[in-house]
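**Q** The task is simple: from the sequences and hints, build the whole structure.
Just so you know, the sequences run in chain order A and B.
Residue 74 in the working numbering sits at position 69 of the first sequence, and the numbers go up by one each step.
Residue 37 in the working numbering sits at position 32 of the second sequence, and the numbers go up by one each step.
Each hint should be verified, as a subset may be incorrect.
Copies of the same chain are indistinguishable here, so a pair counts whether it falls within one copy or spans any two.
Claimed, not checked - Keeping only pairs whose Cα atoms sit at most 20 Å apart, straight-line, the calculated SDA-like set for lysine to any residue is:
{"hint": "1", "residue 1": "K105", "residue 2": "E50"}
{"hint": "2", "residue 1": "K96", "residue 2": "E50"}
{"hint": "3", "residue 1": "K141", "residue 2": "E154"}
{"hint": "4", "residue 1": "K141", "residue 2": "N152"}
{"hint": "5", "residue 1": "K105", "residue 2": "H51"}
{"hint": "6", "residue 1": "K96", "residue 2": "R148"}
{"hint": "7", "residue 1": "K30", "residue 2": "R75"}
{"hint": "8", "residue 1": "K96", "residue 2": "L85"}
{"hint": "9", "residue 1": "K105", "residue 2": "R137"}
{"hint": "10", "residue 1": "K141", "residue 2": "L91"}
{"hint": "11", "residue 1": "K105", "residue 2": "R148"}
{"hint": "12", "residue 1": "K159", "residue 2": "G139"}
{"hint": "13", "residue 1": "K105", "residue 2": "R60"}
{"hint": "14", "residue 1": "K141", "residue 2": "K159"}
{"hint": "15", "residue 1": "K30", "residue 2": "N152"}
{"hint": "16", "residue 1": "K96", "residue 2": "E150"}
{"hint": "17", "residue 1": "K141", "residue 2": "L156"}
{"hint": "18", "residue 1": "K96", "residue 2": "S146"}
{"hint": "19", "residue 1": "K96", "residue 2": "T53"}
{"hint": "20", "residue 1": "K141", "residue 2": "R157"}
{"hint": "21", "residue 1": "K159", "residue 2": "V143"}
{"hint": "22", "residue 1": "K141", "residue 2": "C116"}
{"hint": "23", "residue 1": "K141", "residue 2": "F122"}
{"hint": "24", "residue 1": "K159", "residue 2": "E21"}
{"hint": "25", "residue 1": "K105", "residue 2": "E88"}
{"hint": "26", "residue 1": "K159", "residue 2": "P142"}
{"hint": "27", "residue 1": "K63", "residue 2": "E123"}
{"hint": "28", "residue 1": "K96", "residue 2": "Q155"}
{"hint": "29", "residue 1": "K105", "residue 2": "P142"}
Since the hints were made in silico from the structure, they are not lab data.
Number of protein chains: 2
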Amino acid sequence: MNSVFMTFFVDHGIQERLNEFISRKGLRRTSQRSAIVTVAFSRDEHFTADELFDRVRKVDSETSRATVYRTLSLLVEADLLREVDLGDNQKTYDPNFLDKPSHNHLVCIDCGRVVEFEDSHLDLLNDCVTRRLGFKPVRQSIRIEANCEQLRLKGRCPNLIATRLTGKRLRKKR
Amino acid sequence: MNSVFMTFFVDHGIQERLNEFISRKGLRRTSQRSAIVTVAFSRDEHFTADELFDRVRKVDSETSRATVYRTLSLLVEADLLREVDLGDNQKTYDPNFLDKPSHNHLVCIDCGRVVEFEDSHLDLLNDCVTRRLGFKPVRQSIRIEANCEQLRLKGRCPNLIATRLTGKRLRKKR
DNA sequence: CTGATTGCAAATGCTTTGCACGCCA
DNA sequence: TGGCGTGCAAAGCATTTGCAATCAG
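**A** Here's what the structure looks like:
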């Protein structure tokens, strides 16, 4: 497989998966949904409903905030998108679970940077613990809060930015 | 140590810890704060701000909701109470971290029951993963969503209650 | 005294919803 | 054509905040 093919195969089959979900549920495909889905999966970054709304607006200036919210619920239900708690008091959506089905998140306390990681040992151990408790594991989410080693060594975290100083994303005027 | 002594030693030293925090910060002890703290730690159950407010009201009918919220922030800052995300779109407070400093939560998808568990292997593994990523671990929180084995075997989960059917606690009119 | 703390009500921020219209199947 | 989907504005909910009065130290 050469690099030209690779380019095409970057797609995760989102549209197909969504089509399948839509027809199975008797729903309808609309231009707004297409736009929202395209934008949501165009990067591998996490986003909030509002951040997604802003990005969608640049592509399709007609789409409303309500539709973004409604479509997000749809995508979560279809298991294309996942809600994650990054500890900043907002719902964050993660588009990377199709590529990395069982990844988890580490949040840097100093700069707010989010690092995704996978570890099969953790998965396995969680599984054991769950069964030992008499349950059948469905999903696990681990959030690790940690300090940046660079901050400790150099006295400064390179990712430290103003918007993260409070531990929350900055609120935005609508 | 006999059972009489046990009774006295159930206390976690909350009031003392709080006093220490209050004087260190130059804050003041008030009747409202005492009432809130007493109520919050009188059981080992998780609660939301509003649930705590209701319980406090039965003891001290003067305390306001705002003060409950403000005191909760205080207790979290003092590390006496911990905010946990149980996945039901509300902030839940956990009073059990003094007794079990590194416990985690399993949430039954069927009935919403929350089970606390500790596992040193998990702690250790998380620690390793974090260091490998170049960070210094501060805190980890694991939430496991799982199905009840009893539901699978008996076709019915004994804890299944109406308020959990939606996966969220019922909203409450104020 | 003096500034921390409180209650109240209003404000805030995010999310959901009612409704009339529009559009997909 | 039927009813799902949309935009809009209003409503909901949990939480925070401004302010004047009150209280602790």
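**Q** Each hint: holds or not?
**A** Going down the list of hints, with the structure as the test:
no. : hint          : result
1   : K105 <-> E50  : within (13 Å within a copy, 35 Å between copies)
2   : K96 <-> E50   : within (14 Å within a copy, 25 Å between copies)
3   : K141 <-> E154 : between (37 Å within a copy, 6 Å between copies)
4   : K141 <-> N152 : between (33 Å within a copy, 5 Å between copies)
5   : K105 <-> H51  : within (14 Å within a copy, 32 Å between copies)
6   : K96 <-> R148  : both (14 Å within a copy, 16 Å between copies)
7   : K30 <-> R75   : within (15 Å within a copy, 45 Å between copies)
8   : K96 <-> L85   : within (16 Å within a copy, 25 Å between copies)
9   : K105 <-> R137 : between (26 Å within a copy, 19 Å between copies)
10  : K141 <-> L91  : between (25 Å within a copy, 17 Å between copies)
11  : K105 <-> R148 : both (16 Å within a copy, 18 Å between copies)
12  : K159 <-> G139 : between (47 Å within a copy, 13 Å between copies)
13  : K105 <-> R60  : neither (24 Å within a copy, 43 Å between copies)
14  : K141 <-> K159 : between (45 Å within a copy, 14 Å between copies)
15  : K30 <-> N152  : neither (45 Å within a copy, 24 Å between copies)
16  : K96 <-> E150  : both (17 Å within a copy, 18 Å between copies)
17  : K141 <-> L156 : between (41 Å within a copy, 10 Å between copies)
18  : K96 <-> S146  : both (14 Å within a copy, 17 Å between copies)
19  : K96 <-> T53   : both (6 Å within a copy, 18 Å between copies)
20  : K141 <-> R157 : between (41 Å within a copy, 9 Å between copies)
21  : K159 <-> V143 : between (41 Å within a copy, 19 Å between copies)
22  : K141 <-> C116 : between (36 Å within a copy, 13 Å between copies)
23  : K141 <-> F122 : between (23 Å within a copy, 15 Å between copies)
24  : K159 <-> E21  : neither (48 Å within a copy, 38 Å between copies)
25  : K105 <-> E88  : within (14 Å within a copy, 28 Å between copies)
26  : K159 <-> P142 : between (42 Å within a copy, 18 Å between copies)
27  : K63 <-> E123  : neither (33 Å within a copy, 47 Å between copies)
28  : K96 <-> Q155  : neither (28 Å within a copy, 32 Å between copies)
29  : K105 <-> P142 : within (18 Å within a copy, 23 Å between copies)
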